[in-house]
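K.L.:
These protein sequence lines are chains A and B, in that order.
In terms of the working numbering, the first sequence is numbered consecutively and its last residue is 184.
In terms of the working numbering, the second sequence is numbered consecutively and its last residue is 293.
No wet-lab data here; the hints were simulated from the structure.
Check before you lean on any hint, since a few could be wrong.
As the list claims (entries may be wrong) - Short, incomplete list of chain A residues facing chain B, as computed with Cβ under 7 Å:
{"hint": "1", "residue": "Gly28"}
{"hint": "2", "residue": "Gln55"}
{"hint": "3", "residue": "Phe63"}
{"hint": "4", "residue": "Thr76"}
{"hint": "5", "residue": "Ile77"}
{"hint": "6", "residue": "Glu124"}
{"hint": "7", "residue": "Ala171"}
{"hint": "8", "residue": "Leu176"}
As the list claims (entries may be wrong) - If you anchor each label on the Cβ, the simulated ranges turn out as follows:
{"hint": "9", "chain 1": "B", "residue 1": "Phe81", "chain 2": "A", "residue 2": "Pro42", "range": "16 to 26 Å"}
{"hint": "10", "chain 1": "A", "residue 1": "Asn66", "chain 2": "B", "residue 2": "Lys221", "range": "32 to 42 Å"}
{"hint": "11", "chain 1": "A", "residue 1": "Arg14", "chain 2": "B", "residue 2": "Tyr216", "range": "46 to 56 Å"}
As the list claims (entries may be wrong) - Chain B residues, not near chain A, derived (Cβ > 10 Å throughout):
{"hint": "12", "residue": "Ile19"}
{"hint": "13", "residue": "Asp32"}
{"hint": "14", "residue": "Gln134"}
{"hint": "15", "residue": "Met136"}
{"hint": "16", "residue": "Gln139"}
Think of the CB as a built atom: it goes at the ideal place given N, C-alpha and C, for glycine as much as any other residue.
Take a look at the letters that make up each chain.
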Amino acid sequence: MEAQELALALCRGEQHALAELYDRFGGAVYHFALRITRDPSTAEEICLDAFLQLWRQADRFNANHGSIQSWLFTIARSRAIDRIRAAGAAKRTEAEDPISVNAVPQPDETAEFAERRELVREAIATLPAVQRTALELAYYEGLSHSQIANRLNEPLGTVKTRIRQAMIALRQTLAPVLSVTS
Amino acid sequence: MTHEQIYTDLSSYALDALDAHEREEITTHLAGGCVGCERELESWRELVGVIALGGQDAPPPNLKPALFERVRASGAGARPPATVVPLRRWPVVALALAATALLSIGIARDVEWRGTLNEQQRMVAQLRGDLTAAHGNLDRVAQQLAAQEKDLTSLRAVLAAAQESLAIVQAPGLRLVRLKEAPQAQPGDGHVLISASGRALFYAFDLKPLPPEKAYELWWITEKEGPINAGVFRPDERGLGRIEAAVPTDAGAVQAAAVTIEPAAGVPKPTGPMILLGNI
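Just chain A, same shape as in the assembly (with noise of 0.2 Å):
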């Protein structure tokens, strides 16, 4: 089933849709909240927490404004960065990169996804380590422009535009799998 209509299902209170979802980003979710929050449990309350909204506020999804899993990344990522910034967690001296170690298949995982996941990884690993350091230290510590030059002992304007280079550079080579372009 696509994700749109499984969005679809959603708005209709079917929890098999759920579980579909569930299982094709559950694994995603949580990695993405772990490598955020680097705690397992904390990981695994951002997951629930985020696929529960995505259930209780199904009928709000426009899939003119997005994509389900763009929109389903979006709540995890604003839940774990806001337990980081809350907890005082943005003190780490270097971004890490367990995408490189821990991107494991899952058996539900089609091939469709399986494919996109590579070709986000390629990009992101493609970017000029300046920008992606910098890009990484606002997307996985919800760092600002400001705290990232302080942290990389860089000028602000130079963070700045590390990271609007970042962006639209993934931004070009992603655009096959973006529901929502320019």
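We have chain A already, so just place chain B on it with the hints.
P.N.:
Just chain B, lined up with the frame of chain A:
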């Protein structure tokens, strides 16, 4: 902030990486109903969501049952089925009397009700027709609006790109680096404009079209790290390739720029044939 600055910062707004005062300014601007910025922001938010797809772990096996336990406990989301109220067991006599009374009234008013019912059915049919027509008109207007918004967004993107290019060209200390065909490569031509602030604008000409799985990739050849990816691109129908890039500042001197043919997603280090090369 100008509108263009706001438009440029939308990617960082989607990342939630702006400082508070910048964020508030953009939030206020969006609340004013700028359709182009809203659409641009949606595309960045989509990207922010998709980036997270890069990783995958086996979640703890108890997580899925825990999710459905919470779904059941919350009751939210599941739409309640239509409820059926059981018929109460009225005394038989009272029920018979009530049925008789209703039957009498029903017979007396049957003709009148039928007439009223027919009239109401005609009105409902008319209203349904009007509603369907209104929906059709609304859909057409929405499609036209969406098409115009898309055009506007495209124009804004083109304008933003042109302004960025102009900013590079107008910046002081501009350098021009010519790229020529690499040894054993087909004849080719290109150049890079590099501003003193490290922003660069690359153009290549008469490039051959590539199969869908391939793309051209621009490289900075640096003193300390060797080739550093500056971005992938595909030429347009005229064979013109264009890309904006930042010149690396922490990899030692940038000695040259080069273009190779690589897989469409790009690669961290060059693997394909070199097409263009120019010393900086």
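K.L.:
All hints are to be evaluated individually against the structure, with a verdict given for each.
P.N.:
Going down the list of hints, with the structure as the test:
1. With a cut of 7 Å, the hint placing A:Gly28 at the interface with chain B holds, because the nearest CB-to-CB distance is about 5 Å.
2. Annotation: interface hint on A:Gln55 violated; nearest CB of chain B at approximately 10 Å, more than 7 Å.
3. Because the closest C-beta pair between A:Phe63 and chain B is about 12 Å apart, greater than 7 Å, the hint is violated.
4. Hint on A:Thr76 holds. Least Cβ distance to chain B is approximately 5 Å, under the 7 Å limit.
5. Annotation: A:Ile77 was flagged as interfacial toward chain B, and the flag is violated, the nearest CB pair being 9 Å apart, outside 7 Å.
6. The closest approach between the C-beta of A:Glu124 and any C-beta of chain B is roughly 5 Å, which is under the 7 Å cut-off, so the hint is satisfied.
7. Residue-level restraint check for A:Ala171 holds (minimum Cβ-Cβ distance to chain B is 6 Å; threshold 7 Å).
8. Against a cut-off of 7 Å between C-beta atoms, the interface hint on A:Leu176 holds, since the closest Cβ of chain B lies about 6 Å away.
9. A hinted range of 16 to 26 Å for the beta carbons of B:Phe81 and A:Pro42 is consistent with their spacing of about 20 Å.
10. Between A:Asn66 and B:Lys221 the CB atoms are about 38 Å apart, so this pair conforms to the stated range of 32 to 42 Å.
11. Between A:Arg14 and B:Tyr216 the beta carbon distance is about 53 Å. The supplied range of 46 to 56 Å therefore holds.
12. Even its closest Cβ contact with chain A, about 13 Å, leaves B:Ile19 beyond 10 Å, as expected for a residue assigned away from the interface.
13. Distance check for B:Asp32 against chain A: the nearest CB is about 5 Å away, which does not clear 10 Å, and the non-interface claim fails.
14. Here B:Gln134 stays apart from chain A, with its beta-carbon at least about 30 Å from theirs, past the 10 Å limit.
15. Every Cβ of chain A is farther than 10 Å from the Cβ of B:Met136; the closest lies at roughly 31 Å, confirming the non-interface assignment.
16. The non-interface label for B:Gln139 is consistent with chain A: the shortest C-beta to C-beta separation is roughly 31 Å, beyond 10 Å.
Of the hints listed earlier, those the structure fails to meet are numbers 2, 3, 5 and 13, in rising order.
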